[in-house]
Amino acid sequence: MLAAMSEHDHHHDHDHSDLSETELRVRALETILTEKGYVDPAALDLLIETYEKKVGPRNGARVVARAWTDPSFRERLLKDATPAIRELGYAGRQGEHIIAVENTPETHNMVVCTLCSCYPWPVLGLPPVWYKSAPYRSRAVNDPRGVLRDFGVALPETTKIRIWDSTAEIRYIVLPMQPQGTSGWSEDKLADLVTRDSMIGTGLPKRPGSA
Amino acid sequence: MDGAHDMGGIDGYGPVKPEPNEPVFHGEWERRAFALTLAMGTPGGWNIDMSRFARENRPADDYLSKSYYQIWLAGLERLMLERGLVAQDEIAAGRVLHPARPVERTLTPERVAVTLGRGGPTEREATAPAKFKVGDRVRAKDIHPPTHTRLPHYARGHLGTVELVHGCHVFPDTNAQGQGENPQWLYTVRFEGRDLWGEGSDPTITVSVDAFEPYLESA
Numbered sequence: 002m003l004a005a006m007s008e009h010d011h012h013h014d015h016d017h018s019d020l021s022e023t024e025l026r027v028r029a030l031e032t033i034l035t036e037k038g039y040v041d042p043a044a045l046d047l048l049i050e051t052y053e054k055k056v057g058p059r060n061g062a063r064v065v066a067r068a069w070t071d072p073s074f075r076e077r078l079l080k081d082a083t084p085a086i087r088e089l090g091y092a093g094r095q096g097e098h099i100i101a102v103e104n105t106p107e108t109h110n111m112v113v114c115t116l117c118s119c120y121p122w123p124v125l126g127l128p129p130v131w132y133k134s135a136p137y138r139s140r141a142v143n144d145p146r147g148v149l150r151d152f153g154v155a156l157p158e159t160t161k162i163r164i165w166d167s168t169a170e171i172r173y174i175v176l177p178m179q180p181q182g183t184s185g186w187s188e189d190k191l192a193d194l195v196t197r198d199s200m201i202g203t204g205l206p207k208r209p210g211s212a
Numbered sequence: 470m471d472g473a474h475d476m477g478g479i480d481g482y483g484p485v486k487p488e489p490n491e492p493v494f495h496g497e498w499e500r501r502a503f504a505l506t507l508a509m510g511t512p513g514g515w516n517i518d519m520s521r522f523a524r525e526n527r528p529a530d531d532y533l534s535k536s537y538y539q540i541w542l543a544g545l546e547r548l549m550l551e552r553g554l555v556a557q558d559e560i561a562a563g564r565v566l567h568p569a570r571p572v573e574r575t576l577t578p579e580r581v582a583v584t585l586g587r588g589g590p591t592e593r594e595a596t597a598p599a600k601f602k603v604g605d606r607v608r609a610k611d612i613h614p615p616t617h618t619r620l621p622h623y624a625r626g627h628l629g630t631v632e633l634v635h636g637c638h639v640f641p642d643t644n645a646q647g648q649g650e651n652p653q654w655l656y657t658v659r660f661e662g663r664d665l666w667g668e669g670s671d672p673t674i675t676v677s678v679d680a681f682e683p684y685l686e687s688a
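Heads up: the protein sequence lines correspond to chains S and B, in order.
Letter by letter, the first sequence follows residues 2 to 212 in our numbering.
Letter by letter, the second sequence follows residues 470 to 688 in our numbering.
These are computed hints drawn from the structure, not numbers from a lab.
Worth double-checking, as some hints may not be accurate.
[To be verified] Calculated pairs, DSBU-like style, for lysine-lysine (alpha carbon to alpha carbon, straight line, at most 35 Å):
#1 Lys207/S x Lys535/B
#2 Lys55/S x Lys602/B
#3 Lys190/S x Lys161/S
#4 Lys37/S x Lys207/S
#5 Lys80/S x Lys602/B
#6 Lys133/S x Lys55/S
#7 Lys54/S x Lys486/B
#8 Lys161/S x Lys80/S
#9 Lys190/S x Lys602/B
#10 Lys54/S x Lys207/S
[Stated by the list, open to error] Label-pair distances were calculated between CB atoms; the ranges are:
#11 Pro42/S x Gly667/B: 51 to 59 Å
#12 Pro672/B x Ala43/S: 53 to 61 Å
#13 Pro42/S x Gly589/B: 45 to 53 Å
#14 Glu53/S x Ala595/B: 34 to 42 Å
[Claimed, not checked] Residues of chain B clear of chain S, computed beta-carbon distances all greater than 12 Å:
#15 Ala543
#16 Glu551
#17 Glu594
#18 Arg606
#19 Gln646
#20 Thr673
#21 Glu686
Glycine included, every Cβ here is placed at the ideal spot set by N, Cα and C.
Modelling step: build the complete structure from the supplied sequences, incorporating the hints.
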């Protein structure tokens with residue numbers, strides 16, 4: 002493939018010595034699919050921009066902070082999360098059917114997809130590499146405390162841990178507990194405490210003063 | 470299929486290594502591979518279950534040696550090859566060698582937002598009453614289809630309790646094979662960690678799996 006690529010006039014003016022085979026393969030594939038009229042590079046740019054700049058865990062943090070400050074929203078979120086989340090403008094691909102699971106002093110929730118990489122895109126964006134990796138997918142279900150240790154999190158030994166394996170098209174978001182000492186805080190200020198990992202269940206929200 | 474993708478409870482993969490301040494994409498090729506995969510769904514016409522099977526259906530060493538977007542890329546190439554949208558010699562040469570196949574639609578920039586916003590809801594009208602209700606004890610069947618399934622191996626043969634009923638959803642096992650949506654009741658079934666991982670395992674764990682009715686039998 003490398004030889005074939007270098008014969009391609011289109012690429013003559015580039016130095017490919019630092020590009021891996023995968024990089025070259027993707028570049029060539031985009032050229033083929035564009036020339037065949039199957040894809041529009043402008044649409045590709047928009048897809049990338051959407052998930053790199055617009056859709057990410059700040060959306061989920063907004064959902065959590067709203068739930069912490071608005072009891073009726075919290076109720077709607079825990080009863081039927083998809084329409085509640087849609088109220089904030091977050092919906093669509095890989096978030097068609099969302100369930101919010103609530104952490105309590107007795108129970109901690111953690112979300113995984115052991116079979117692939119299912120993840121609630123509209124509220125958390127695209128999953129981090131570790132979420133898609135073999136160590137997390139294998140151990141989240143049988144050694145969640147060990148996984149939490151990998152993230153520097155230690156829960157009391159008596160805390161029940163509920164694992165949610167996303168094996169169908171239901172997507173899960175964890176509603177973490179509001180940190181102590183933040184009552185009366187604004188939604189904006191609270192949202193800054195909500196980390197991506199706290200909504201997956203591999204972390205806890207930041208504490209006041211550390212945000 | 471009982472493949473390397475079905476990772477739950479397998480030992481030996483080592484610690485989870487979170488990357489501080491991880492970027493959304495690691496390099497330009499991941500951006501383009503991601504976007505090509507999403508965009509090709511429109512002219513390609515395959516469904517998400519076909520995509521998942523195209524990714525997971527590969528030898529263990531191949532699956533485990535690829536990064537996640539490399540798996541996506543391999544899955545995309547397979548789906549396109551199967552449909553004659555591209556040919557193997559074109560992928561090898563890195564350029565067009567054959568005329569394009571006519572396609573009904575492509576993803577235009579104007580359609581990106583609405584397509585993402587609509588997504589692909591999988592809930593369908595029920596055609597039969599649900600066999601199970603919340604609180605029922607059920608056993609996950611000990612099945613090993615060589616094709617696509619979403620019942621993880623670690624749950625098979627084990628007893629659990631129905632805790633949620635989600636309505637009828639597209640059945641991945643048939644949808645992945647082009648045999649129709651065949652909607653089935655979908656349940657969240659909760660398993661005690663002790664029942665899955667044996668005596669001596671952490672007694673504070675439960676694992677909930679979303680399981681389609683054909684995966685389950687009364688216990």
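These are the hints, each one checked on the structure:
The hinted pair formed by Lys207/S and Lys535/B meets the criterion: a straight-line CA distance of about 34 Å does not exceed 35 Å. About 40 Å separates the Cα atoms of Lys55/S and Lys602/B, which puts this hinted pair outside 35 Å; it is violated. At roughly 29 Å between alpha-carbon atoms, Lys190/S and Lys161/S fall within 35 Å of each other, so this suggested pair holds. With a C-alpha separation of about 49 Å, the suggested pair Lys37/S and Lys207/S falls outside the 35 Å cut-off, and the hint is violated.
With a CA separation close to 18 Å, the supplied pair Lys80/S and Lys602/B stays within the 35 Å bound. For the given pair, Lys133/S sits about 21 Å from Lys55/S by alpha-carbon distance, which is consistent with the 35 Å threshold. Note on Lys54/S and Lys486/B: the hinted pairing holds, with a Cα-Cα distance of about 24 Å set against a maximum of 35 Å. Taking the CA atoms of Lys161/S and Lys80/S, the gap is about 22 Å. The hint holds against a cut of 35 Å.
This hinted pair does not check out: Lys190/S and Lys602/B have alpha carbons roughly 42 Å apart, beyond 35 Å. As the CA atoms of Lys54/S and Lys207/S are separated by approximately 23 Å, the hinted pair is consistent with the 35 Å bound. For the pair Pro42/S and Gly667/B, the supplied restraint of 51 to 59 Å holds, since their beta-carbon distance comes to about 53 Å. Checked against the hint of 53 to 61 Å, the C-beta distance between Pro672/B and Ala43/S comes to roughly 55 Å, which is consistent with it.
For Pro42/S and Gly589/B, the Cβ-Cβ distance of about 24 Å falls outside the hinted range of 45 to 53 Å, so the restraint is violated. Between Glu53/S and Ala595/B, the C-beta spacing of about 39 Å keeps the proposed range 34 to 42 Å intact. Taking the minimum C-beta to C-beta distance to chain S, about 10 Å, the non-interface status of Ala543/B is violated against the 12 Å cut. Non-interface call for Glu551/B relative to chain S: holds, since the shortest CB-CB distance, roughly 15 Å, exceeds 12 Å.
The non-interface label for Glu594/B is consistent with chain S: the shortest C-beta to C-beta separation is roughly 15 Å, beyond 12 Å. Distance to chain S confirms Arg606/B as a non-interface residue, since its nearest Cβ pair spans about 18 Å, more than 12 Å. Residue-level check passed: Gln646/B sits 17 Å from the nearest beta carbon of chain S, beyond 12 Å. With a cut of 12 Å on Cβ distances, Thr673/B falls inside the contact zone with chain S, its closest approach being about 5 Å.
Every beta carbon of chain S lies more than 12 Å from that of Glu686/B, the smallest distance being close to 17 Å; the non-interface claim holds.
This entry does not satisfy hints 2, 4, 9, 13, 15 and 20, going by the numbered hints stated previously.
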